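Asks: Sequence:
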Amino acid sequence: TGKVNEVYYCSNLYGDDEKSGAEALQNTISEIFDMDIQYWVHVNWGALMQLVDGVGGITVTLDEDIEDDWTGTYIKAGEPVTLDGWHAVALARARHGTAAGDFTRGASQQKILAALQKKIMEGGVDLGTVLKLVDVIGDNVRMNFSLDELKSVFYLAKDTSMDSVRQIPLVDYINGIYYLST
Numbered sequence: 001t002g003k004v005n006e007v008y009y010c011s012n013l014y015g016d017d018e019k020s021g022a023e024a025l026q027n028t029i030s031e032i033f034d035m036d037i038q039y040w041v042h043v044n045w046g047a048l049m050q051l052v053d054g055v056g057g058i059t060v061t062l063d064e065d066i067e068d069d070w071t072g073t074y075i076k077a078g079e080p081v082t083l084d085g086w087h088a089v090a091l092a093r094a095r096h097g098t099a100a101g102d103f104t105r106g107a108s109q110q111k112i113l114a115a116l117q118k119k120i121m122e123g124g125v126d127l128g129t130v131l132k133l134v135d136v137i138g139d140n141v142r143m144n145f146s147l148d149e150l151k152s153v154f155y156l157a158k159d160t161s162m163d164s165v166r167q168i169p170l171v172d173y174i175n176g177i178y179y180l181s182t
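Number 182 marks the last residue of the sequence shown (this note's numbering); no jumps.
If you are wondering where the hints come from, they were derived from the structure by calculation, not from laboratory data.
Nothing here was measured: the structure is a model prediction, and the numbers come from that model.
Incorrect hints may have been included.
[What the hints assert, rightly or not] The calculated label-pair distances, taken between Cβ atoms and stated as ranges, are:
{"id": "1", "residue 1": "I29", "residue 2": "Y74", "range": "27 to 35 Å"}
{"id": "2", "residue 1": "D65", "residue 2": "D139", "range": "29 to 37 Å"}
{"id": "3", "residue 1": "G78", "residue 2": "M121", "range": "22 to 30 Å"}
{"id": "4", "residue 1": "Y74", "residue 2": "K132", "range": "15 to 23 Å"}
{"id": "5", "residue 1": "S152", "residue 2": "G176", "range": "38 to 46 Å"}
{"id": "6", "residue 1": "G176", "residue 2": "D139", "range": "41 to 49 Å"}
{"id": "7", "residue 1": "C10", "residue 2": "D126", "range": "39 to 47 Å"}
{"id": "8", "residue 1": "A99", "residue 2": "G128", "range": "35 to 43 Å"}
{"id": "9", "residue 1": "C10", "residue 2": "D159", "range": "21 to 29 Å"}
Note that CB positions come from ideal geometry on N, CA and C, so glycine has one too.
With the hints as constraints, model all of the structure from the sequences given.
Replies: Structure follows, in structure tokens:
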């Protein structure tokens, strides 16, 4: 019982069984939304820090001010800001001091991923750096994709702009719109 984000923690034997935690969360989300959730990916926060530092930092522009005392993240909307790995993780975790809380955090995470993709795809890194990034991913990412499925994901992702990916919140706290009620 409780929050859905507790399912992973409670089911992974306190950090000893990532796969069981991920599968429990997959099953719970499938049940809640009456959808067949087929895949899961678990990324260690350390990977994000290493990836951002590995490409020499990223630049993001937020749509909402963030003044999060918990993470020490203070960023004004509309102003490009360059982040190193530590600050990218802080932004990815920031949800306090925002109008939409967790929804703002999700939007920030999306912007971080878009900035990483842009830096890599626009030739902002050399082959040696790419190989180091592959090692970071291998050490810090767990998923239930087969190798063939993963190849398909990369094939599709290379032609997909993160700018075209949209987060669709069920509640718009900023404008007071509720698409879902309990």
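Asks: All hints, please: hold or fail.
Replies: Okay, the hints, checked on the actual structure:
For I29 and Y74, the hinted distance range of 27 to 35 Å is satisfied, since their beta carbons lie about 33 Å from each other. Distance hint check: the CB atoms of D65 and D139 are about 35 Å apart, consistent with the given range 29 to 37 Å. For G78 and M121, the Cβ-Cβ distance of about 24 Å falls inside the hinted range of 22 to 30 Å, so the restraint holds. Our hint of 15 to 23 Å for Y74 and K132 is violated, since their Cβ atoms are close to 31 Å apart.
Distance hint for S152 and G176: a CB-CB separation of about 40 Å, consistent with the stated range 38 to 46 Å. Between G176 and D139, the C-beta spacing of about 44 Å keeps the proposed range 41 to 49 Å intact. Against the hinted window of 39 to 47 Å, the Cβ-Cβ separation of C10 and D126 comes to about 43 Å, which satisfies the hint. The hinted window of 35 to 43 Å between A99 and G128 holds, with their beta carbons roughly 42 Å apart.
Between C10 and D159 the CB atoms are about 39 Å apart, so this pair departs from the stated range of 21 to 29 Å.
Of the numbered hints given earlier, the model fails hints 4 and 9; all others are met.
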